[in-house]
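Novice: Line order of the protein sequences matches chains A and B. Residues in the first sequence are numbered consecutively from 49, following our numbering. Residues in the second sequence are numbered consecutively from 49, following our numbering.
Errors might be hidden in some of the hints.
Pairs involving identical chains hold if they fit within one copy or between any two copies, as the list cannot separate such chains.
Cut-off 27 Å, straight-line C-alpha distance, at most; resulting in silico cross-link-like pairs (BS3-like, lysine-lysine) [to be verified]:
(1) K288 - K384
(2) K384 - K119
(3) K119 - K288
(4) K227 - K195
It should be emphasised that the hints constitute simulated quantities derived from the structure, not laboratory data.
Number of protein chains: 2
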Amino acid sequence: MPELRRDPIIGRWVIIATERAKRPHDFSKTAESPVDNPEECPFCEGHEHMTPPEIFAFRDDKTSPDSPGWKVRVVPSIAPLLRVEGDLGRRGWGVYDIMNATGAHEVIIESPQHITHFGKLSREQIQLVLKTYIQRIDDLQNDPRIKYVMIYKNYGKEAGGGHLLHTKSFLIATPITPKRVKEELQGARIYYGYKDRCIFCDIIRQEQEMGERLILENDFFVAISPFASRFPCEVWILPKNHSCDFYKITEEELISLAEILKEIMNRLETGLNDPPFNFIIHTAPFRKKVKPGYWKTLEWDYHWHIEIMPRLTRVAGFEWGSGFYINPLPPEEATKFLREGVNNER
Amino acid sequence: MPELRRDPIIGRWVIIATERAKRPHDFSKTAESPVDNPEECPFCEGHEHMTPPEIFAFRDDKTSPDSPGWKVRVVPSIAPLLRVEGDLGRRGWGVYDIMNATGAHEVIIESPQHITHFGKLSREQIQLVLKTYIQRIDDLQNDPRIKYVMIYKNYGKEAGGGHLLHTKSFLIATPITPKRVKEELQGARIYYGYKDRCIFCDIIRQEQEMGERLILENDFFVAISPFASRFPCEVWILPKNHSCDFYKITEEELISLAEILKEIMNRLETGLNDPPFNFIIHTAPFRKKVKPGYWKTLEWDYHWHIEIMPRLTRVAGFEWGSGFYINPLPPEEATKFLREGVNNER
Chain A
49 MPELRRDPII GRWVIIATER AKRPHDFSKT AESPVDNPEE CPFCEGHEHM TPPEIFAFRD
109 DKTSPDSPGW KVRVVPSIAP LLRVEGDLGR RGWGVYDIMN ATGAHEVIIE SPQHITHFGK
169 LSREQIQLVL KTYIQRIDDL QNDPRIKYVM IYKNYGKEAG GGHLLHTKSF LIATPITPKR
229 VKEELQGARI YYGYKDRCIF CDIIRQEQEM GERLILENDF FVAISPFASR FPCEVWILPK
289 NHSCDFYKIT EEELISLAEI LKEIMNRLET GLNDPPFNFI IHTAPFRKKV KPGYWKTLEW
349 DYHWHIEIMP RLTRVAGFEW GSGFYINPLP PEEATKFLRE GVNNER
Chain B
49 MPELRRDPII GRWVIIATER AKRPHDFSKT AESPVDNPEE CPFCEGHEHM TPPEIFAFRD
109 DKTSPDSPGW KVRVVPSIAP LLRVEGDLGR RGWGVYDIMN ATGAHEVIIE SPQHITHFGK
169 LSREQIQLVL KTYIQRIDDL QNDPRIKYVM IYKNYGKEAG GGHLLHTKSF LIATPITPKR
229 VKEELQGARI YYGYKDRCIF CDIIRQEQEM GERLILENDF FVAISPFASR FPCEVWILPK
289 NHSCDFYKIT EEELISLAEI LKEIMNRLET GLNDPPFNFI IHTAPFRKKV KPGYWKTLEW
349 DYHWHIEIMP RLTRVAGFEW GSGFYINPLP PEEATKFLRE GVNNER
């Protein structure tokens, strides 16, 4: 059983994935070769038997689970880091804290065809993928053990992408609110306490006024280069309407989000020559009813958003030790580049 | 002039290294080829003219700066991220905070010969390298603008190592205490406040008693696999005597540290087949005299140590978004492996 272990000094949690354990020198060996061939791909339509049984799918009427006829399909990870069975088993061990790795680890297969680039999906298909995210979050919030759901993409080797190239996202549901999420909630809360305004709403206003880091804007979303970008061409997509929960997005906003996402992904791909990237939805933790009529309210100050980080530079010792980042490309330059879209000189 | 920019939500600082700026698609190009040839290496003895003028060196009597005859040599980085000139220029810009990248960025050249592996240096040479670190920290603490000095190594491409293979370390001095360092200080302080004991001292005691994560021990140091290791074969080296400042180490401790460092580096190199790694000295920030006879005391709860992180796995979207880490090798397994030393089967 994998374990969750807490660093006793700074409270960072680590998933010790015991069932993936290898001999230490195995890590230095080369990885499996990429599967770029629909015939071998477990995520292509017709290969449903190659994955664990599906958890959810958008599929045609009268088709059965784990058979063709789907548009988006969700399956458990074949080597889950966290598992839905069992209780948390929180326990101490001298100075250390440990719990069972209870939660969920799912794969969202974004197309029945062997498409490898998210930006190549139609806007309608991206909407269906976003609806799948919403459906999964909405379902998992009923589990009282789960505090947080994170949805993310790892694309390309440098971004931790695996050997299966079929376009997909991952979902991890955790029994604790992750440290990084807590830091954002606290930052937003401190600002709100001081100003009576949301810091993300203020950022959107300032970026719209100044313009030099505003990449794109549509009815309901902005795409900006963050002022303190950690990586060259980092992009944040923020909803103009204040909301802490991604999964409460309206139908109109969903169309607008699919549109801006497709455009940004295509510009990154074309402009940066198909870069490795990570994509992460930052949303508030679940708010559990503490007693009837009373909800914890910390999260209302928060503003959900998406962070996209092309992985063109490497994180080294100074970054690991300090939490400082080194970015060789000013975000204002990145904005100029990403604004030009696909027509920039190469 | 490079800038320091603060993320307004979680207070993470980023160095925007404007003078290294390139066009965004340049980042996807391949890096310079490695310099593995003493004739082209700017760090070899006799090539002193290929670096900026030296800041410090341990050298033979009657030899002049920037000439042969040295044992360890310190030079400014050729493309410094922070510079010693100028004031901090702290300023706001709407919701954002910014300051000039004032500080220092130095290279510690660890041998006059073209040696590429730290573990291949003699114990006496490693002692000289450690003494150089101490000398530089001691010198920089006189600058009232500098709050923190971080010393680290990036070895190998995956760890952010550059194309110059000659063994070296880096020093970055910053005008603010880095966020990650603050988190450790706070963690240590909270524990001390609750228990009246140092958390690191308690960790050392528990690891000595349990044994299963204790790799090596000598008169003054222990080397352990941390309980919540983020990476396979992560190693922490901790002094047995409580002290918050690396640079106040005694002469006896220095010998003991050089010995354990050499041994651990050699075991990692042999056991993991020359892995990329980061090496970071975690020490307390400078304590500036606030008024005569009064010093801020937060740092006394802290316990300096060295963290060595082989980079055999990649950090992906879930880690970036959550602050959780995924480690496929339990630290107890790593300990067994590293204890066997160089004689394990391959």
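Novice: Each hint needs a verdict: does it hold in this structure or not?
Specialist: Now the hints, each set against the structure:
1. K288 - K384: Result: close within a single copy only, 22 Å intra versus 53 Å inter.
2. K384 - K119: neither (36 Å within a copy, 48 Å between copies)
3. K119 - K288: neither (29 Å within a copy, 60 Å between copies)
4. K227 - K195: both (12 Å within a copy, 26 Å between copies)
Checked against the numbered hints given earlier, this structure breaks hints 2 and 3; the rest are met.
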